[in-house]
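There are 2 protein chains.
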Amino acid sequence: MIYADYNGSAPLLPAVREYLRKRIDSDLFANPNAIHSMGQKVFKGIEKCREIIADVVGCYPDQVVFNSCSSEGLSHIFHSLLSFAPSEKKMIVTSPVEHVVLPSAFSYFVERLGFNIKNVLIDAEGRIDLSDLENILQKDSARIALVSIMAVNNETGVIEPYEAIAKLCQQYGVDYVCDTTQLIGKGEFNFATSGVDFAVCSGHKVGALTGTGFLMAKDPTKLRPYVYGSYQEHGLRGGTQNYIGIETLAVAMKEFEREKSRLPDLKKMRLAFEEKVIRACPNAKVIASAADRLAGTTLIGYPGLHGQAVQIELESHDIFVTTSAACADNQPETSKVLKAMGISDDLGRSVIRISLSTSHGERDYDSLASNLIAAYNKLSRIHSY
Amino acid sequence: MIYADYNGSAPLLPAVREYLRKRIDSDLFANPNAIHSMGQKVFKGIEKCREIIADVVGCYPDQVVFNSCSSEGLSHIFHSLLSFAPSEKKMIVTSPVEHVVLPSAFSYFVERLGFNIKNVLIDAEGRIDLSDLENILQKDSARIALVSIMAVNNETGVIEPYEAIAKLCQQYGVDYVCDTTQLIGKGEFNFATSGVDFAVCSGHKVGALTGTGFLMAKDPTKLRPYVYGSYQEHGLRGGTQNYIGIETLAVAMKEFEREKSRLPDLKKMRLAFEEKVIRACPNAKVIASAADRLAGTTLIGYPGLHGQAVQIELESHDIFVTTSAACADNQPETSKVLKAMGISDDLGRSVIRISLSTSHGERDYDSLASNLIAAYNKLSRIHSY
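Chains as they are written, first to last, in my numbering: chain Z, 1179 to 1563; chain H, 1179 to 1563.
Looking at chain Z on its own, in the form it has when it is part of the complex (with noise of 0.2 Å):
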């Protein structure tokens, strides 16, 4: 079996597991707030995996909020500096290849708060054209509430130059949330010399539990509540903590601490598996070939095909991808970043994406590379449509 859609969803740990394992059986389970000695216990807890996982992401403890996943991190974001923003500054600059979390948050602030959405163009391989930023930048970065640009795409894995934006936008005094999702346990990257004023993490993408995740932020006087309750994270999200979720976060992000030499390593397989898959079928297509990506991440196409029968060929070979994001987003049409990519119907209606992990050797890409050239043999003699 090979499971292929970590940028979907990562299973837990190995490590992670082990934890969980010793975890389950101990004792110690109580309110982190309580003053007696358990709860104190456990919240000491808590404040150990803040300074590992900050040490792990490059930021200061106190620029950690931890909280349920990306989407909950993003949504509080948004609210502090959009429900709070001075009355002037009504633009949101943002980019057509986000995470559907943002048109669906932002779609909040425009049509109850009056917002309006400026999207930066982008180039064939859904990269961000910084040139366009700037001059939005120069010409309004009077009226810009903030800038929400990407790190990582969830389809592509295509790496945006979110360390350029940030710097632009501390150039003209504009705050930049990036949506590290699929960077964060899968590629290199450091809070501090990015520059970036905020950005999230999900668990259930780097193995931790489901349900988990944190947010940075540069300076955390600018977070206003989102989640209510009491001091719990300094005031800044309510609700008990989730104490045994944030525990695996720490070792998941330890873990990958120990694992992101090999990335190199994933990123040559990866680069060779998809030589070896289009020199047999010069027909198939990887998307954003030519942009620097995530280690692990293909999404390619076949012109003709459809997307859905490759995913179900390979299936019926226990090998378990999506088509284009797997987030809630399985249409069986172009998906709304491949369109802004202008990427034909043809070509992106015929997308699967392969999405691996460091745990991930030679022998998995070797029999990915023969069951998707198979899968592409045998479905273009049929034809999907």
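Don't read these hints as lab results, they were simulated from the structure.
Restraint ranges, calculated between C-beta atoms of paired labels, are given here:
1. Lys1222(Z) with Ala1342(H): 40 to 46 Å
2. Ser1522(Z) with Asp1397(H): 42 to 48 Å
3. Asn1294(Z) with Arg1321(H): 29 to 35 Å
4. Lys1200(Z) with Leu1206(H): 20 to 26 Å
5. Val1288(Z) with Asp1397(H): 21 to 27 Å
6. Lys1219(H) with Lys1200(Z): 24 to 30 Å
7. Ser1439(Z) with Arg1436(H): 46 to 52 Å
8. Glu1229(Z) with Asn1461(H): 43 to 49 Å
Note that beta-carbon positions come from the ideal geometry of N, C-alpha and C, so glycine has one too.
Position chain H relative to chain Z; hints supplied.
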């Protein structure tokens, strides 16, 4: 060891631990929104859990929205009802004994969106004055955006007349948001027959994983997304579903269904325990002793002593209690709830909260009684202040 802080947070139930032991070693980890069969299996598991939980709490599965905790649920409901309220409905009716989530959330709506708060009168036991509520509704129902009054007080365990409140709200056509965090999993509750419009649950209060929860909505179309995303939870709660957490919620709720026949016994033991302590220490006082309270909750004080001293004394005998609410509210002063009930500082500062579950028996209460009596005898000879 007696962990007597179930109102603060419950340890994982034995059935949940047993479930997790197997779950961790399984291979079924995937994004429930993916189209491959692993994702679909996870998705079907979530829907099965929704049915189990809906059955236990007496609602329809599509009235359940999974989230991360009660605090998120309440924040979500308030946003849905208040940010979208018609301009003439600017009044929030609530009580002075609510959990801190409510005043914390309402301060945003008061300060930023021009809402105003009307507190319903309470009696000396902390119970809502229904005739005062009816007067308010009669006078102002056209201006009221919502009524939010808890089902059970987290500090005192007092059960509010939430069914009567629901009836009044229905009569005057006002939405009733009921904070059921302390009731669900600790007392009988049926969403349909209760008549409340919105209710909430936190998993860690019922022995499921931390960071889990759900809200119930009589009419889910009144909800607007708060954690933004895609089609998850019918578009009402974004973010990849916390499926492992949701599974433990279903296990815990099923377990509660099995255990709830023991609630009357727990109540009997709790009342006998209180009587025993008062008989031995006539200066001690059970707060809200005349009110109907949660089966396993006792808030007890001894004027002149300090609650924290009693808590520490008990902890030296491996008994873990809190002073008033555990939830980040452990100030060395009378809690807001007790102040609202008109309780003197002398008594208010002395209280400790003992909260047990149906897993406890006579031996636990015997040990609690002898240790508490000994603590009172010892400390009252010294005097805390």
